[in-house]
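Enquirer: Take the sequence shown: its letters are residues 992 to 1678, numbered as in our numbering.
The set of hints was computed from the structure by calculation and includes no laboratory data. Mixed in with the good hints there might be a few duds.
Derived pair list, reagent style DSS-like, types lysine-lysine, alpha-carbon separation capped at 30 Å [what the hints assert, rightly or not]:
(1) K1555 <-> K1632
(2) K1359 <-> K1375
(3) K1528 <-> K1514
(4) K1520 <-> K1534
(5) K1620 <-> K1655
(6) K1555 <-> K1655
(7) K1534 <-> K1555
(8) K1083 <-> K1396
(9) K1613 <-> K1528
(10) K1396 <-> K1534
(11) K1552 <-> K1528
(12) K1632 <-> K1534
(13) K1552 <-> K1632
(14) K1632 <-> K1359
(15) K1620 <-> K1528
(16) K1359 <-> K1083
(17) K1359 <-> K1328
(18) K1655 <-> K1552
(19) K1520 <-> K1555
(20) K1520 <-> K1552
(21) K1328 <-> K1396
(22) K1396 <-> K1375
(23) K1552 <-> K1514
(24) K1613 <-> K1655
(25) K1632 <-> K1613
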Amino acid sequence: MTSLEAILTLITAIMFSLVVISTVMRLPSREGANIHLLFFAVGGLIFSILLLLQWAVVGSLPGMIAEDLLGISAAVVSVLYAGLTLSFLRRKPLTLGIFWVLGLLITAGAVLVNFDIQQWGQKTAAIISLPPQTLAYWSNAGITAAALATALIATLVDFRHRKSVQHLNRLRYWLIATLLLGGSAVVFIAGLVQWNWLGLIFLLSGSLLAAYVVLRHHTPNLGRLMGRVLHYVSIMGALAAVFLLGAAMIVAVVRWGMPPAVVLLWAVIIAIIMANLAPPLWRYTGKIFSRLIFGKQTPDQQAMIKHYSERLSTALDIQRLGDTVISLMIETLGLEKGIVFVNERQGTGDVELRPLSSVGVENLSNGKFPPDSPFLDYFRRGHKHVSMYDIDVLPDFRNLLPEEKAWLESLGMEIFVPIMRQLEFVGLLAFGPQTQGTAYYEEDLELMETLADQTALAMDSARLFEQLALVNQEVGQLSQQLAFVDETKGDFLSIASHELRTPLTQIHGYSQMLLDITENDLKNPEYIKTLIEGVVKGSERMKSVIDLMFDVTEVDTGVVKLFKGQVRLAEVIQEAVSPYLSALDNRRIAFATRGLDDLPVVEADGTRLVQAFENLLSNAIKYTPDGGKVEVSGQVTQDEKLGDVVEVVVADTGIGIDPEYHEKIFEKFFRVDDTMHHSTGRTKFKG
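Could you build all of it, start to finish, from the sequences and the hints given here?
Expert: Shown next, in the form of structure tokens:
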């Protein structure tokens, strides 16, 4: 082993030691890939130490033992890397279990063959007619090749199933690491001693790259990284060509044999020209090569944000705002798919994202997240965006509910940017993949975050505008209701005064007649009785009107008292109709009941029920023409909220009520007919 190989081996051992330490520090995350990386790093460290021992104690160990140790160590490291690959690619636990069982069995067999334990190597070699040394070599080579082939095939298979740009980018890094380790294995297994230094470089770089990809969930975009290198080299080449041209001009001036002062003057002139050409040349060549290499021009973000803000300021309706935002997302970032969500449950803790506007996607449903959802908590901790790739691989989302993750995956989006007001979740911008299938640049993500901030302000303005419009509408409705209340209150006062004036006039008239009674009148008991009965009837009518007004007041103030008990509705109807039996006979109105005797006993205030049905029957008789019919029917029916209920219907053959008044008739003070047509009679026909 040369000194270069020894230095490279020492560096490799140190590198594996650092990977072991770094991985141990991350073990609390309990990620399977971290545990497998630890095993791989320990195996690589042992392999490096064996290489150092072979160099340090060369001649002390028999050559075959040293070769066997290195061979089986390389095979074990390859098996560990294959297991790391399967864990990194998130294969199912069953698949990993089968791999490790087979890998351990095959590796154990190779150990027996390599070290001739209990003459296993000689017996096996005799069976297949190969020397033991050759059998050990081919067993190590076969295990190494099979393990690395497993890692390579698994990686290539994942390329077919992964859709996310970030997943594919990470797989590209892993593919490079696998190829580097494969090259290292070829050097060591093939015994290319003169190329050991190259094998060590492959081992060092491949292992470092694999550890970097496992320990860091976000890797630089490989395509853009290569593009930046090419971009930088191209610009440097263009500038170098220009400066070489200037140098060539100075050399030409010198060759013309001009005096030194003239040569110096020309050199100064050319230097000034080059100094003035350099900045614009750098700027314009940068734009040209950006267009050629990256296929896009760097946009003026300030102008785009200004245009975005101006467009949003004109959208004062929340739906129109959503349409404006989605159109600007397409216009600004060149998307084919995007969604604007709004939170339907602001201020409640829970978040329900309703699709406000979208492009390129259909059949969207609402997404529901509890207050403690990892998805929401990730943004509350200050993160400005999250990708679907992050949701798949970051430990922050390990406890995300399956239905939440399934909903996010169903959208087919690449990036999610929250619309936040401080810590309150207002909405969400969802950005689909770029049309070229490339990853979003950092400036694209910064632009998305700025657009989300602008959208939050616009949503606040739109909501305030909607609330103001709603308040104006409610004020208008309240004004109409107040006018209606004033009108109905006036009607009520008119009716109440009419109702009170009639019995008061009756009382006043009969009282005046009693006051004017003569001695002859006193001798007529029937006359005196008639006068007193008139006063009593008037006072009873006045009392009933006043009692009714008190009842209305008690209902309004909520102090009405109900004395509940077991009530039979058939008896309630019989008691309620008894005051109107003479009126029904006089006006030839047929009265009938149906189904009341079959109704169950109910718990209610019987007195109040009689009062309610008296009013209903009074109205039915009052608005039914002579010779008509009034019927009271009852049945047990079902209600969605209450379950089994008793339904009682008072029907008549009168003029009925216009459907437009069906809601208003239950409002206080409301009457369908004109108050000028009011009558104090309780049964007189008003058709």
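Enquirer: Please go over all the hints and tell whether each is borne out by the structure.
Expert: Taking the hints in turn, this is what the structure says about them:
{"no.": "1", "hint": "K1555 <-> K1632", "verdict": "holds, 22 Å"}
{"no.": "2", "hint": "K1359 <-> K1375", "verdict": "holds, 20 Å"}
{"no.": "3", "hint": "K1528 <-> K1514", "verdict": "holds, 23 Å"}
{"no.": "4", "hint": "K1520 <-> K1534", "verdict": "holds, 21 Å"}
{"no.": "5", "hint": "K1620 <-> K1655", "verdict": "holds, 26 Å"}
{"no.": "6", "hint": "K1555 <-> K1655", "verdict": "holds, 29 Å"}
{"no.": "7", "hint": "K1534 <-> K1555", "verdict": "holds, 25 Å"}
{"no.": "8", "hint": "K1083 <-> K1396", "verdict": "holds, 18 Å"}
{"no.": "9", "hint": "K1613 <-> K1528", "verdict": "holds, 21 Å"}
{"no.": "10", "hint": "K1396 <-> K1534", "verdict": "violated, 71 Å"}
{"no.": "11", "hint": "K1552 <-> K1528", "verdict": "holds, 28 Å"}
{"no.": "12", "hint": "K1632 <-> K1534", "verdict": "violated, 40 Å"}
{"no.": "13", "hint": "K1552 <-> K1632", "verdict": "holds, 25 Å"}
{"no.": "14", "hint": "K1632 <-> K1359", "verdict": "holds, 26 Å"}
{"no.": "15", "hint": "K1620 <-> K1528", "verdict": "holds, 29 Å"}
{"no.": "16", "hint": "K1359 <-> K1083", "verdict": "holds, 29 Å"}
{"no.": "17", "hint": "K1359 <-> K1328", "verdict": "holds, 21 Å"}
{"no.": "18", "hint": "K1655 <-> K1552", "verdict": "holds, 26 Å"}
{"no.": "19", "hint": "K1520 <-> K1555", "verdict": "violated, 40 Å"}
{"no.": "20", "hint": "K1520 <-> K1552", "verdict": "violated, 38 Å"}
{"no.": "21", "hint": "K1328 <-> K1396", "verdict": "holds, 19 Å"}
{"no.": "22", "hint": "K1396 <-> K1375", "verdict": "holds, 19 Å"}
{"no.": "23", "hint": "K1552 <-> K1514", "verdict": "violated, 49 Å"}
{"no.": "24", "hint": "K1613 <-> K1655", "verdict": "holds, 20 Å"}
{"no.": "25", "hint": "K1632 <-> K1613", "verdict": "violated, 35 Å"}
Hints 10, 12, 19, 20, 23 and 25, counting from the list given before, are not met by this structure.
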